[in-house]
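A.B. asks: Sequence:
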Amino acid sequence: MTDSGNVWVIGDVQGCGQPLQALLQHPDLTADPDARYWFAGDLVNRGPDSLGSLRTVMALGDRAVTVLGNHDLHLLAVAAGRKKFGKSDTIHAILDAPDAPELLDWLRHRSLAHYEYGHLMVHAGVLPAWTVAKTLALAGELEAALRGPNWKDTLERMYGNEPTGWKDDLAGSARMRVIVNALTRMRLCNSHGHMEFAHKGPPVKDGGLMPWFDVPGRAITDDTVIFGHWSALGLMIRPDAICLDTGCVWGRQLTALRLSDHKLVQIPCSQYQQPHQD
Numbered sequence: 120m121t122d123s124g125n126v127w128v129i130g131d132v133q134g135c136g137q138p139l140q141a142l143l144q145h146p147d148l149t150a151d152p153d154a155r156y157w158f159a160g161d162l163v164n165r166g167p168d169s170l171g172s173l174r175t176v177m178a179l180g181d182r183a184v185t186v187l188g189n190h191d192l193h194l195l196a197v198a199a200g201r202k203k204f205g206k207s208d209t210i211h212a213i214l215d216a217p218d219a220p221e222l223l224d225w226l227r228h229r230s231l232a233h234y235e236y237g238h239l240m241v242h243a244g245v246l247p248a249w250t251v252a253k254t255l256a257l258a259g260e261l262e263a264a265l266r267g268p269n270w271k272d273t274l275e276r277m278y279g280n281e282p283t284g285w286k287d288d289l290a291g292s293a294r295m296r297v298i299v300n301a302l303t304r305m306r307l308c309n310s311h312g313h314m315e316f317a318h319k320g321p322p323v324k325d326g327g328l329m330p331w332f333d334v335p336g337r338a339i340t341d342d343t344v345i346f347g348h349w350s351a352l353g354l355m356i357r358p359d360a361i362c363l364d365t366g367c368v369w370g371r372q373l374t375a376l377r378l379s380d381h382k383l384v385q386i387p388c389s390q391y392q393q394p395h396q397d
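Under the working numbering, the sequence shown has 359 at position 240, and the numbering climbs by one with no breaks.
Hints should not be assumed to be uniformly reliable.
Using C-beta positions, here's what the derived DEER-type ranges look like [stated by the list, open to error]: (1) Glu235 / His311: 18 to 24 Å; (2) Pro220 / Tyr278: 20 to 26 Å; (3) Ala290 / Thr250: 29 to 35 Å; (4) Lys206 / Asp151: 37 to 43 Å.
25 Å max Cα-Cα, derived BS3-like pairs, lysine-lysine [what the hints assert, rightly or not]: (5) Lys319 / Lys202; (6) Lys271 / Lys206; (7) Lys203 / Lys324; (8) Lys271 / Lys203; (9) Lys286 / Lys253; (10) Lys206 / Lys319; (11) Lys202 / Lys271.
Treat the hints as calculated values from the structure; they're not laboratory data.
Glycine residues also receive a C-beta, built at the ideal position from the N, C-alpha and C atoms.
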């Protein structure tokens, strides 16, 4: 039986294969042969080695828990022919790999939310009205769709910024879009818990907007939400929310946090090849 003492949570990798290898080989992480690794999404894209990053995490087997991020979903959508390549994409090697079908099948069977030891891990955020149970249930709806026979159609329907808020009677594509946008894209909300997607910089509290985790009256009060996705926010450790996107792909750090005591291990990424920033 394991406990949170051997769980390390790792922020956005985004195709930074060498820093990921260095992190996993760090003495603090290798000291426990039974260590488990939680990845907060965006294993791939923009970094120089998306294929290597994906293979590294897959090779961890049951020791790794991964939630899907927006870049992981983008890879699946491009593979499904539902989205076009972006100019900054570094996912070509995955799609060209001889075992691409197996790689993509593994990825689309990952979760959108994971809960253990009083911690809920998602890639981007949780809408203020959602409890832990509600978040896991709604994530499960999307997970079932991505794992089903019509998964390519699911990917086509999930893109778009509307609706911006949650209602229990949402159905079809509108329901799917709110779920995927909250869990994989959200940063800011207004005081009513409606999402805003234009802002990608540091946190602001302006014009009625605020970080999703600062919206008054959030339903999740006794558990900690762990997320990534927001490199401009960077490392944030609060009792109710932990952000681990420390901008490795932009030459900053790749971060691991031990769940039990919040011990940090960080790998400087500036020494590794970085993507071209157009």
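A.B. asks: Next step is simple, just say for each hint if it's right about the structure.
C.D. replies: To see whether the hints hold, each was checked on the structure:
For the pair Glu235 and His311, the supplied restraint of 18 to 24 Å is violated, since their beta-carbon distance comes to about 31 Å. Our hint of 20 to 26 Å for Pro220 and Tyr278 holds, since their Cβ atoms are close to 23 Å apart. Distance hint check: the CB atoms of Ala290 and Thr250 are about 21 Å apart, inconsistent with the given range 29 to 35 Å. Here the CB-CB span from Lys206 to Asp151 is close to 41 Å, well matched to the stated 37 to 43 Å.
Between Lys319 and Lys202 the CA atoms are separated by roughly 22 Å; this keeps the pair inside 25 Å, and the hint holds. At roughly 22 Å between alpha-carbon atoms, Lys271 and Lys206 fall within 25 Å of each other, so this suggested pair holds. For the suggested pair Lys203 and Lys324, the alpha carbons sit about 34 Å apart, so the restraint of at most 25 Å is broken. A distance of roughly 14 Å separates the Cα atoms of Lys271 and Lys203; the hinted pair therefore holds under the 25 Å criterion.
Our distance criterion of 25 Å between C-alpha atoms is met by Lys286 and Lys253, whose separation comes to about 12 Å. Restraint check: the Cα-Cα separation between Lys206 and Lys319 comes to about 18 Å, which is no more than 25 Å; the hinted pair holds. Distance hint between Lys202 and Lys271 is fulfilled; the C-alpha atoms sit about 10 Å from each other, no more than 25 Å.
Going down the numbered hints, you'll see the structure goes against 1, 3 and 7, while the others check out.
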